[in-house]
Amino acid sequence: MAVVTIISDWNRNDYYLAALKGRILSLCPDTTIVDITHQVSSFNSAQAAFILRNCYRHFPEGTIHLICVNTESSPEKPHVVIHASGQYFIGCNNGFFGLLLDEDPEEVMVLKKDPHHPGSFAELYGFADCACNIIRKKKWNELGTAPMTVLKQIPILPTIDETTINGSVVYIDSFRNAITNISRELFDQIRKGRPFDIFIQSNYYKINRLNKNYHDSSTGELLALFNSLGLLEIAINSGNAADLLNLSINSVVRIKFYD
Amino acid sequence: MAVVTIISDWNRNDYYLAALKGRILSLCPDTTIVDITHQVSSFNSAQAAFILRNCYRHFPEGTIHLICVNTESSPEKPHVVIHASGQYFIGCNNGFFGLLLDEDPEEVMVLKKDPHHPGSFAELYGFADCACNIIRKKKWNELGTAPMTVLKQIPILPTIDETTINGSVVYIDSFRNAITNISRELFDQIRKGRPFDIFIQSNYYKINRLNKNYHDSSTGELLALFNSLGLLEIAINSGNAADLLNLSINSVVRIKFYD
Amino acid sequence: MAVVTIISDWNRNDYYLAALKGRILSLCPDTTIVDITHQVSSFNSAQAAFILRNCYRHFPEGTIHLICVNTESSPEKPHVVIHASGQYFIGCNNGFFGLLLDEDPEEVMVLKKDPHHPGSFAELYGFADCACNIIRKKKWNELGTAPMTVLKQIPILPTIDETTINGSVVYIDSFRNAITNISRELFDQIRKGRPFDIFIQSNYYKINRLNKNYHDSSTGELLALFNSLGLLEIAINSGNAADLLNLSINSVVRIKFYD
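Chains as they are written, first to last, in our numbering: chain E, 3 to 261; chain U, 3 to 261; chain A, 3 to 261.
Simulated from the structure, these hints should not be mistaken for lab results.
Treat the hints with caution; some may be incorrect.
It does not matter which identical chain is used: a pair holds within one copy or between any two.
Calculated pairs, DMTMM-like style, for lysine to aspartate or glutamate (alpha carbon to alpha carbon, straight line, at most 20 Å) [said to hold, decoys possible]:
1) Lys154 - Glu78
2) Lys140 - Asp32
3) Lys194 - Asp32
Chain E with its partners taken away, still in its complex shape:
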């Protein structure tokens, strides 16, 4: 049974999502459709990429992911289908895939413009038709008109020197924990076993140890841990770190190591 996922910024209160699901089920009745989320903030490709990159590997091989965020296309930024890591991705080649994928995809194909429904939204015909062509085992070369390379937005990476990592918040999760772009690998590589302080919002808040989990600290206490993504996360046990510390996307998190 084929699996198609949908991620969008449609916020579930429109008819787009239902129309798209209806059309997929009309074309390919046995498809299992999974919502990734429809609460991406409007036009926020970085957030969509963060969510999808942290879950797509768990889906069955051959799953088709429809990325319905920022899908207005142009000749330079056309709709494409991508084959990578054993899965398929359909979206707009506008830099999003540089944020989503760690490696260049094996195959990228430009979708042909749908000539029959000029006034409709792109996903309803172009994306659904391409997904169903994949499900029906159409050959790769027939899925679109021409190969293309992937355009890349570059994610913001921490800056480092021998005693410092300057990172930033890249995501606020449902529990209002702040996830940074500082990976455990980078941390270990610079730390070399030394003691450290993690400074949040200039030097007002600091943390000098790492938790294994949230409950290692008392209720209400500020803490830092490497989460299931291997990224440094700032949290408050049973609290709301982002709001209490006034953290948002791009807030600076700085680590200083001491000899």
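Assemble the complex: chain E is given as a structure, and chains U and A must be docked to it using the hints.
Chains U and A only, in chain E's frame:
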């Protein structure tokens, strides 16, 4: 595989929706259940009709749509099952179907009152049982007790004369674009090739051209286009038209044509 | 076809839910996954229990329910799988099941700690693996490491004497109706046919009759009825009882009976 859709004003934070899905899967295990949306504002039949009328045609023939908004019934406004456009609709005959369907349905049948669960909500037994009877190919005459005609609420239509269309906003979408009740057909019929101004909120804002898509205008610019429904839509490129122009349902949008 | 439900406080804007669904579909491709709700307030086990206890019976026999609220485990409060009322429940044995189930479950088994993915969230491996082991008909004894009894949080019950019931609000539903912990059985048992007043928020508001349904009262009128759960509910016809009467969880609802 049968498809059942559900639209409601339950906002997803209650047990109703899960109970209904559980019961459908208990009665008819192979059913694919699709959420249209559960974020209809409370008791807002017009919004539910707008959303469902713009997506139901994309579902497979024979799809069964459960309309779980304003379902309190009375002898004059009973629960009914309707067969129209190759699909089935189960809901309350309270005027909703006049907003949903362009033409009178082929068949309307009054559901019998469920005698066994007087305290339960109507959808859980009456609607689910009827849906599963359709899936199990029960004869039309056995789905209910008697035929009936559809009661109609009349949608608000624009007023027109030779040089003017007075329309109104009928929907605000997820991107805060304002969708009006002015169709492309009506516009072309009155315009007859003439230049025009579209006035929004009395005469404070005006637009004198139509976009093909949102990106024809500069970022932040006010624009008008006919959307995928063929309805005039007021938007701001990468902005938030409804809030910036203080538009809401029933706000007036007036078009004046010049010789 | 197996059915797996998920209830969580993830609020749908994270990658957890999609990752979990993807993994379940990878392990057991033919599973039907149903969202109970993901809008449980953070860490609110009582709300999750209220929602799930009012819908799980409607699901097919053998349905597997994943409870993804407050899942941080400890040796005293481990993750468990429970067999009760013909269904399976996987969650943390932290008192939740005392709120969910009316009777002690037939079987409770401690899940083994997943050794391979220490940094991941518990549901993704422990819960999904256990669910798929059930679907694949693994023997009960092989689902975990040891049997256990269920730990219980006790729900708040009304206090009573011969002329009074002192209950409280236990849930505010989507329509802002206030559902109390006063059951029809308790009410009938104390009432013994006598007249009564229902007092809300000390003695400011009172109701001296029971409605059969919402529309028995005029629009805007305060009313009380026993809802589909058999619990006393305070509502306003076409209005918003919780906000207008300033009711929230734990607000007192007192009934006085007169000889």
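**Study point:** Which numbered hints fail
**Key:** Going through the list in order, the structure violates hint 3 alone and respects the others.
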